[in-house]
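Go ahead and model the full structure; you've got the sequences and the hints to work with.
Residue numbers (the working numbering), protein chains in the order written: chain Z, 54 to 228; chain Y, 7 to 147.
Just so you know, the hints here were simulated from the structure itself, not pulled from any lab data.
Heads up, the beta-carbon is just placed ideally off N, CA and C, and yes, glycines get one too.
Treat the hints with care, as some may be off.
Think about it this way: if two alpha-carbon atoms lie no more than 30 Å apart in a straight line, the pair counts; the simulated BS3-like pairs of lysine-lysine are [what the hints assert, rightly or not]:
#1 Y:K96 / Z:K85
#2 Z:K91 / Y:K96
#3 Z:K206 / Y:K96
#4 Z:K206 / Z:K91
#5 Y:K81 / Y:K96
#6 Z:K145 / Y:K96
#7 Y:K67 / Z:K91
#8 Y:K67 / Z:K156
#9 Z:K141 / Z:K156
#10 Z:K145 / Y:K81
Partial pick of chain Y residues on the chain Z-facing surface, computed with a CB cut under 8 Å [what the hints assert, rightly or not]:
#11 C19
#12 Q52
#13 D68
#14 Q72
#15 V91
#16 R93
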Amino acid sequence: MNRFIIPLLVFGLLVVVFGISLKHAPEKQVVKSALIGKPAPEFSLPDLLQPGATVNSAAFKGRWVLVNVWATWCVECRAEHPTLLDIKQQGKVIIVGLNYQDKDADARQWLAELGNPYEAVAVDREGRASIDYGVYGAPENFLVNPAGVIVHKTWGLTPDYWRTTMLPLIEGTTK
Amino acid sequence: MTRTMVVAFLALCSLPVLAIDPAPLLPDPVQQARYVDLIHQLRCLQCQGETVADTQAMFAKDIRRQVREMVQAGKSDHEVRQYMVDRYGKIILLRPESAWLWLAPALFLLGGIAIAWRVLRQRRALLATDTSEVGDEPEQS
Numbered sequence: 054m055n056r057f058i059i060p061l062l063v064f065g066l067l068v069v070v071f072g073i074s075l076k077h078a079p080e081k082q083v084v085k086s087a088l089i090g091k092p093a094p095e096f097s098l099p100d101l102l103q104p105g106a107t108v109n110s111a112a113f114k115g116r117w118v119l120v121n122v123w124a125t126w127c128v129e130c131r132a133e134h135p136t137l138l139d140i141k142q143q144g145k146v147i148i149v150g151l152n153y154q155d156k157d158a159d160a161r162q163w164l165a166e167l168g169n170p171y172e173a174v175a176v177d178r179e180g181r182a183s184i185d186y187g188v189y190g191a192p193e194n195f196l197v198n199p200a201g202v203i204v205h206k207t208w209g210l211t212p213d214y215w216r217t218t219m220l221p222l223i224e225g226t227t228k
Numbered sequence: 007m008t009r010t011m012v013v014a015f016l017a018l019c020s021l022p023v024l025a026i027d028p029a030p031l032l033p034d035p036v037q038q039a040r041y042v043d044l045i046h047q048l049r050c051l052q053c054q055g056e057t058v059a060d061t062q063a064m065f066a067k068d069i070r071r072q073v074r075e076m077v078q079a080g081k082s083d084h085e086v087r088q089y090m091v092d093r094y095g096k097i098i099l100l101r102p103e104s105a106w107l108w109l110a111p112a113l114f115l116l117g118g119i120a121i122a123w124r125v126l127r128q129r130r131a132l133l134a135t136d137t138s139e140v141g142d143e144p145e146q147s
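Laid out in structure tokens, this is it:
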């Protein structure tokens, strides 16, 4: 009898170890942002819609900001666009676009065709600001509070997700 | 015949060396080596399962450029890794920086050796005292 106890204990220990590691294993597709609760990275980038001007992230402090990373090559961004227009309509946040690895002419045409939900669009041609934001694709959305802290990050926005998950974050603190 | 086979084999062996990274070598060979080492330690988040060194994904290109610049600017390996972890989280590291993870195999091996040694010693002691019990498992003392 005695000799079964040690193997059983070892087995039990392994179950516990693997159980814990499974729980903590990062989800395959979804990489949680390391930036939640941290100050939104500052950027100062060329303005897509006003040639020669710069978009400075500091200018948006004091307001709720949705930083939306997008590109014309990104099919999901096209699907997301109506939601962005809708969010702009609601007026709870300003949307700042970060145009990621795109062509200026294409991006301007996109906005002319589909409508412009953005307060300003910063051109991140080289993807440096995007690295600061931990961006690895598009679309990505960062909700920044008036103090300039990132409170939420998600990928493509849907009207449902906006209403059930992100809007309460804004309204919870504005009450 | 054999020679052809050997040449063909060696040629095939060289395939993994085909460079993905079109960037020119860094002028300092030590920095170049560190750069190559570092990009093999970072996960491409756009195409998980590959390193940043192995793909032409846009994300990987950006990260390679960032690593190059940081290495050239004299940042240490640790600083480069920390920079990436601060932005992307630990998942970007393909070699986790956890001492326990690396020590665990050695500890398990040592533990196994210790157990085997004790069992063998008990068995030998038993054999020496009582030959009639050959083949039986030694009892726990």
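Comparing the hints with the structure gives:
| no. | hint | result |
| --- | --- | --- |
| 1 | Y:K96 / Z:K85 | 10 Å, holds |
| 2 | Z:K91 / Y:K96 | 16 Å, holds |
| 3 | Z:K206 / Y:K96 | 17 Å, holds |
| 4 | Z:K206 / Z:K91 | 12 Å, holds |
| 5 | Y:K81 / Y:K96 | 19 Å, holds |
| 6 | Z:K145 / Y:K96 | 33 Å, violated |
| 7 | Y:K67 / Z:K91 | 26 Å, holds |
| 8 | Y:K67 / Z:K156 | 17 Å, holds |
| 9 | Z:K141 / Z:K156 | 24 Å, holds |
| 10 | Z:K145 / Y:K81 | 42 Å, violated |
| 11 | C19 | 32 Å, violated |
| 12 | Q52 | 5 Å, holds |
| 13 | D68 | 4 Å, holds |
| 14 | Q72 | 6 Å, holds |
| 15 | V91 | 7 Å, holds |
| 16 | R93 | 4 Å, holds |
Against the hints set out earlier in the document, violations occur for numbers 6, 10, 11.
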